[in-house]
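2 protein chains.
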Amino acid sequence: MSSLTRRGFLTGLSVTAGGAALVACASPDGNPMAQQETPDPVGDTPRLYDAIVPFDGEHQAGIATPAQATLNLIGFNFVDGVDRGAVSRLMTSWSEDSRRLCTGETPLGSLEPELVVAPANITITCGFGPRVFEVIGAVDKRPAWLAPLPEYSLDQLDEKWGQTDLVIQVCSDDPLMTSHATRHLVRSGMDYARVQWMQQGFLRADGAHTPGETPRNLFGQVDGTINPREEEQFDEQVWIDEGAPEWMRGSSSMVMRRISMNMDTWEILDRPSREEALGRTLDNGAPLTGEDEFDDPDFEATDKFGLPVIDRQSHVFRAQPAEGHPEQRLLRRPYNFDLAPEPGSEQLSNSGLVFLCFQKDPLRQYDPIQKRLDEADRMNEWVTHIGSAVYWMPPGTSADGSGGDTYWGQGLLEA
Amino acid sequence: MSSLTRRGFLTGLSVTAGGAALVACASPDGNPMAQQETPDPVGDTPRLYDAIVPFDGEHQAGIATPAQATLNLIGFNFVDGVDRGAVSRLMTSWSEDSRRLCTGETPLGSLEPELVVAPANITITCGFGPRVFEVIGAVDKRPAWLAPLPEYSLDQLDEKWGQTDLVIQVCSDDPLMTSHATRHLVRSGMDYARVQWMQQGFLRADGAHTPGETPRNLFGQVDGTINPREEEQFDEQVWIDEGAPEWMRGSSSMVMRRISMNMDTWEILDRPSREEALGRTLDNGAPLTGEDEFDDPDFEATDKFGLPVIDRQSHVFRAQPAEGHPEQRLLRRPYNFDLAPEPGSEQLSNSGLVFLCFQKDPLRQYDPIQKRLDEADRMNEWVTHIGSAVYWMPPGTSADGSGGDTYWGQGLLEA
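Line order of the protein sequences matches chains A and B. Every letter in the first sequence is one number past the one before it in the UniProt record's numbering, and letter 20, counting from 1, is 20. Every letter in the second sequence is one number past the one before it in the UniProt record's numbering, and letter 7, counting from 1, is 7.
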């Protein structure tokens, strides 16, 4: 990490003045640093979309990787009869195909090489739901947190967006690449698992923002300011480490919450009311007591009437770690969704977040934060959780086994 | 046009070696050429997404404009009680807001300036369905082609994707910009019209392809090779001209066909079979009798058995203009869609095209081509038309009225 600038760290991508793209893809996932000089096909136009995020590494890519522009999150359920051997075969096949897709190579047996020409920072990341441990006969190994989250009082969960056996997260800066990689994996896995749901999301396109900028959601909210940014923070918050069995080291967990956001009622508010609910300004995400996005909020500050500048029910106050609990931090990696209103709906919108977060232990990290939000976050007036699932995210891989697993979950599946 | 290179013509965008983007947005819509030097916010990284396509001009932008990465096509129906005055007010408001959004400015009254920072080549294009002419009491002025298309034998039209009173096409290279502009127009128009459907689509991202490259659909097919490219071709095929009443000059028509593509059965084919059905190669879209995409197909060429090299039922053969009918050409501007399979479906995919094409007269241009395809295109085994609508696309605008209408359809609405 030390050889990387903050900017390279945050973006995984820099472009030289001459127009060739220098891809520096080291990131806090601790993966080997890949540098590659991409050719410039048309004079002075850099092809940002040649950028490659290394598939192999200590941790899976797509977690610490700066969020790309498009997301397909696909929940799969096993077909009947899948056993440990079948799960191993599926993971071997998916890992090999994903390694190739993420390197801009056509997977073996694919007849669509023309659709794999622009890797566009694609990452493909796999997670195991609770039932994998049953199917492979290893319930005793299942982490205690790999189970339905506690119920929160305001949840309005729809089974349609519930727990699945497996999840695949495909992210890239090119919607065609994201689509084709998804299609390839759905097809190649069809004998083992079928799509239960697909959640599509987007962020501002690569190039449409200052590199490293925190993304915004559809409320205009800067979302992800308190994310880990340094390697040590990732080690503290995200990566499962020495305390865990060998097969878990370097892994993580994903919490998926589908969150509906009521644009119609939010937009009735004036800007001061929106900012009061958030506890941050809309223009740059600074806490209401500060000037810059990364200023620490001052929850003791009061206004001329003696009232707290940052409301005790604001999102920024409720989302902070409880006193004495610095472990209540995690990595947010949310995507926006924005679909047509449901037929017959009075709503003008059907928008929200595919909220994804990563942490060592959802019960120690996500749950206490969500409990506090559920109790009193003023944003609850405009947001509703409508889907929920938890996955174990196996450690990273290496093509030749020198770095541990060659395929997702090998350490568990071959234990 | 003469001062523009072919590349500038095709892309509307060039990037200088120093990293600043020089936006040269003239295109065959004949709009005033805007050149603007965009600032470079982070050293050597060009912000492609500062690129602006001029909103005003002789023709609406978003027709001749090279297709951007993302599409929201929104079909609106009027609420009860809308009359000519109301349509004028809606069009005035939508045109003003769109002019600002397309210039990277916040529309008047919008409280979300942070969501309008990267115009990303956004275009907003408006069309009138047949019922507009009833609502404004001008049925006598309605073009004969502004009516349901003839039925084609293989159509499986779903009312869900049918004709609406109005259509708005939002395209940009940034999904967040496309989403926010859509939201703004839906909200600002809510007293006049409500969303009936929204069709979202995508193409390869800007920067993920060689500028000017013909887009591919999810079958891997290069789609749009025979599109008009020169100004005279646009005049011949797309823009309604002198023969028409004053208020129609510079306008066009849009045909929307939602086309389902069966990925599961298509992908069973080997590459030669796919190419035989298309009549073109998959790798570069060349006709099977040629080497380059733009080579003319030789329909007389035969193989060693005396059989035509290009099958008489291939897509390329059936889609060509009938002999003696050079007017059977049009501008294709299709977008891919790729959604989750319908719940309970045996299909692995739910993919296809939001097929949009523009022409002077759908009955003289689109209809004869579609009749031939419907009769015998081999691609019919894998594609099904499931939605259909036709719109009149008003002429372009100018902010001060010097170039004609200041808002969409003014010439018609104030006649």
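Calculated from the structure, these hints are not laboratory results. C-beta atoms are modelled at their ideal positions from N, C-alpha and C, and glycine is treated no differently. Treat the hints with care, since some could be wrong.
[What the hints assert, rightly or not] A few chain B residues facing chain A, derived, Cβ under 7 Å:
id: 1; residue: L115
id: 2; residue: D174
id: 3; residue: R204
id: 4; residue: E276
id: 5; residue: A340
id: 6; residue: I386
[Stated by the list, open to error] Calculated from the model, a selection of chain A residues having no Cβ within reach of chain B, i.e. all distances over 10 Å:
id: 7; residue: Y49
id: 8; residue: A120
id: 9; residue: L154
id: 10; residue: D173
id: 11; residue: P175
id: 12; residue: W197
id: 13; residue: A205
id: 14; residue: I226
id: 15; residue: P245
id: 16; residue: E267
id: 17; residue: T289
id: 18; residue: D298
id: 19; residue: G403
id: 20; residue: G411
Q) Can you give the numbers of the hints that this structure goes against, from lowest to highest? A) Hints 4, 6, 7, 8, 10, 11, 12, 13 and 16 contradicted; others consistent.
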